[in-house]
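Q: Line order of the protein sequences matches chains A and B. Just add 924 to wherever you are in the first sequence, counting from 1, and you've got this note's numbering. Just add 3 to wherever you are in the second sequence, counting from 1, and you've got this note's numbering.
In short, the hints are calculated from the structure, not lab data. Warning: the hint list may mix true and false statements.
Unchecked claim - With the Cβ distance kept under 8 Å, some of the chain A side facing chain B (calculated, not the full set):
id, residue
1, L1009
2, I1014
3, S1016
What the hints assert, rightly or not - Over the 12 Å line for every Cβ pair with chain A, so calculated as not near, a few chain B residues:
id, residue
4, T27
5, E30
6, G33
7, P72
8, Q76
9, L89
10, Y144
11, R151
12, A168
13, I181
14, G201
15, L204
16, I206
17, L216
18, F234
To be verified - A few chain B positions that, by computed beta-carbon distances, are all more than 12 Å from chain A:
id, residue
19, V14
20, M189
21, F210
22, P220
Yeah, the Cβ is synthetic: ideal placement off N, Cα and C, and Gly gets one too.
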Amino acid sequence: MSKRSVLTFAFMLVAGFASPLYAQGAGDSALTVEIAKWSIITAGFALGIGAGLAALGQGRAVAAAAEGIARNPGAAGDIRGVLLLGLVLIESLAIYVFVISLILFFLQPFSPKA
Amino acid sequence: MEKLEHPLWIVQIVNAVLGPLVRTVGEAMGHHFTSHDVIPVHMVMVLLIVAFVTALCVFVRSRLSVESPGTLQIVLEDGVGAVRGLLDEWIGPKGHQYLPLVATLGLFILLGNYMGLVPGLTSPTSSINVTLGCAITTWVYYHYQGIRAQGIVGYVKHFWAPPGAPLWIGIVYFPIEIISHAARVMSLSLRLFGNIFGEELVILVLFSLVPFLIPLPMMFLGLVTGLLQAFIFVLLSIIYLQGAVAVEHHEDEHGHDAPSGRQAPAAA
Chain A
925 MSKRSVLTFA FMLVAGFASP LYAQGAGDSA LTVEIAKWSI ITAGFALGIG AGLAALGQGR
985 AVAAAAEGIA RNPGAAGDIR GVLLLGLVLI ESLAIYVFVI SLILFFLQPF SPKA
Chain B
4 MEKLEHPLWI VQIVNAVLGP LVRTVGEAMG HHFTSHDVIP VHMVMVLLIV AFVTALCVFV
64 RSRLSVESPG TLQIVLEDGV GAVRGLLDEW IGPKGHQYLP LVATLGLFIL LGNYMGLVPG
124 LTSPTSSINV TLGCAITTWV YYHYQGIRAQ GIVGYVKHFW APPGAPLWIG IVYFPIEIIS
184 HAARVMSLSL RLFGNIFGEE LVILVLFSLV PFLIPLPMMF LGLVTGLLQA FIFVLLSIIY
244 LQGAVAVEHH EDEHGHDAPS GRQAPAAA
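Chain B extracted, bound-state conformation (with noise of 0.2 Å):
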């Protein structure tokens, strides 16, 4: 695909400051640099989000006050109760424990769609490699989560057959479970990575074609999309999750049977 941009000049500025010390350490273990940019765009931008949510973080923790909290501890601590809601509306109170890893993935994805909003700056969303890279780190954590909450042997008997089947049925399951499991890391990072590039692509051609005002509702599209995705995102890490852990408590002897919250649809 051709350059339909010109470079970012806060990408220059990092690779001026930063360039020559990776080139160094990266040639040192043995990887040759392909392109002129060492770091490339979407590192960028990733390096942008931890520098912002990192300096928001130690700015609000400065300022936490119980009494009289100010406006954006208000609205953080929404944000939290909010993902811990979805917590215990699909997983129950069990679910808390996950919270640092889905709502900082919740965060940081909300924050890179909106990124590419913002002139001078693109989504690290839009590059396959991040959106990949999220995908891949809520597979392996759920699929932790749920060798540690089951025990590997449990674990694997569930990909075997579903609790009540007969034990022959997995000649037929194994497979289809396999490769629906595998099949989960690509619809998650093909899903956020296709609405976040298809949506810069089009505000790309908006504006390579009138560059006054008919972008606008493309761009408010996004913001809507942009939002939309991220909550898809951890609303769908919050169901594997779910689905990996919480089958534990069939054979509880105080006689609840089924876990708390709801159950999920066959999502692929």
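Just chain A, with the same shape it has in the complex (with noise of 0.2 Å):
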């Protein structure tokens, strides 16, 4: 299949799972449904790609903080301070995918208020 058949097929796919949305009005109820099913795939997929991706970039600094430790163990006071802050700051980014999925699957701000 050439490339511009696949992004065709998948447009349409797209336009599809959003049917309920050329339904001006009439489906308010379903348009709540649609886009509560949406927040909560986007929520569980962005929790887990984001969680997965802070994971990978905590465990470099940790290896090299190790490696670290190992080659001079004289500096591993300072080896410590700087892996906390580095697994810290790591982390934080986590932590806003995280509050955006809390806002998405709880809150859902954009389904129309009955």
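Dock chain to chain to rebuild the complex, using the hints, since each chain is given by itself in its own frame.
A: Okay, structure coming up:
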């Protein structure tokens, strides 16, 4: 399949999923259900990707810190300080994704207020 | 979000005692109270922390002794010494004037984080209002200290270009600095809020599934992350203070061209 046909197919698939949007005003509760469904899917994926990538970054930081301490045990205190600071800063990025997921999941800010 | 928890009895007691007074004062100033509880949960917890810390300090003050200090005095002195050591390490001896705000924030956040693990209480820091308050306090404080240390012209000049860079770089550098400083408020508040609220949410869910023994590992993790988040908030406040204050020694006549203490990583 050519790339153009794949893209057209994907566009039609996504547009088909959003079909209740086309019912102007008649399906308010259907729109809420649609938005709730997409919010849950998005929140799950966002959190999975965010947590996974943050874990990768933290793993690299811990590995570098462990190697640094192994090479120079006298600097263990300094390295531990840098490690903790770096870990918390990386983790805060995962926390931002978590907060957005919470907002999407529980508050659903874009569904029409019944 | 549906109410996963029942109302805490201490919140209801405080609302019964102080509620009518706050309601009359608030409505006299034109504020309409929406929810049933006039004083929200996080405010009651903050008042609890204030009362506890005041009582603790008065108690220790009455038993201060240089020759034979009690255990509590030794612990508190160690805490103050630890924060002072951090200030010394990052800002230098001039940093001791910032000890009151930084140490109070650290103690407040530490106690706030640990209150969530006590049954019958909840963390005030699990509410975005409290963490945003702490973050805005730190933000306003370090800008104020920076202006006080360098004068407003010198302080704004450091937003335009880092020291030693040509002046035209400000066109690119100024928006980056503005965005970076504004992001500090968001990052400080959201980091603390997300950690503590998320941990409380997970413990809540675990309690609603298996109330016996299973939430314990999560609560132990809550002990670790509570301490870590308080320490990180204090450390980041000190780093922002250093960024705002410690650049003034660049043209010292004695030849010291760098402030004592290490340089901060690019902390957003």
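Q: Are the hints correct? Go through all of them and say.
A: Against the structure, the hints:
1. L1009: With Cβ-Cβ at 7 Å, under 8 Å, it holds.
2. I1014: 11 Å, violated
3. S1016: This interface hint holds because 4 Å falls under the 8 Å limit.
4. T27: The assertion about T27 of chain B holds, with a minimum of 32 Å to chain A.
5. E30: 27 Å, holds
6. G33: 26 Å, holds
7. P72: Nearest chain A Cβ is 27 Å from P72 of chain B, so the label holds.
8. Q76: Non-interface label stands for Q76 of chain B: nearest chain A Cβ at 26 Å, farther than 12 Å.
9. L89: 10 Å, violated
10. Y144: It holds; Y144 of chain B is separated from chain A by about 21 Å at its closest Cβ, greater than 12 Å.
11. R151: 27 Å, holds
12. A168: 25 Å, holds
13. I181: 20 Å, holds
14. G201: Answer for G201 of chain B: violated, closest chain A Cβ roughly 6 Å.
15. L204: 8 Å, violated
16. I206: Holds, because the least Cβ-Cβ distance between I206 of chain B and chain A comes to about 15 Å, which exceeds 12 Å.
17. L216: 26 Å, holds
18. F234: 8 Å, violated
19. V14: 22 Å, holds
20. M189: It is violated; M189 of chain B is separated from chain A by about 8 Å at its closest Cβ, not greater than 12 Å.
21. F210: 18 Å, holds
22. P220: 18 Å, holds
Of the numbered hints listed earlier, those contradicted by the structure are 2, 9, 14, 15, 18, 20.
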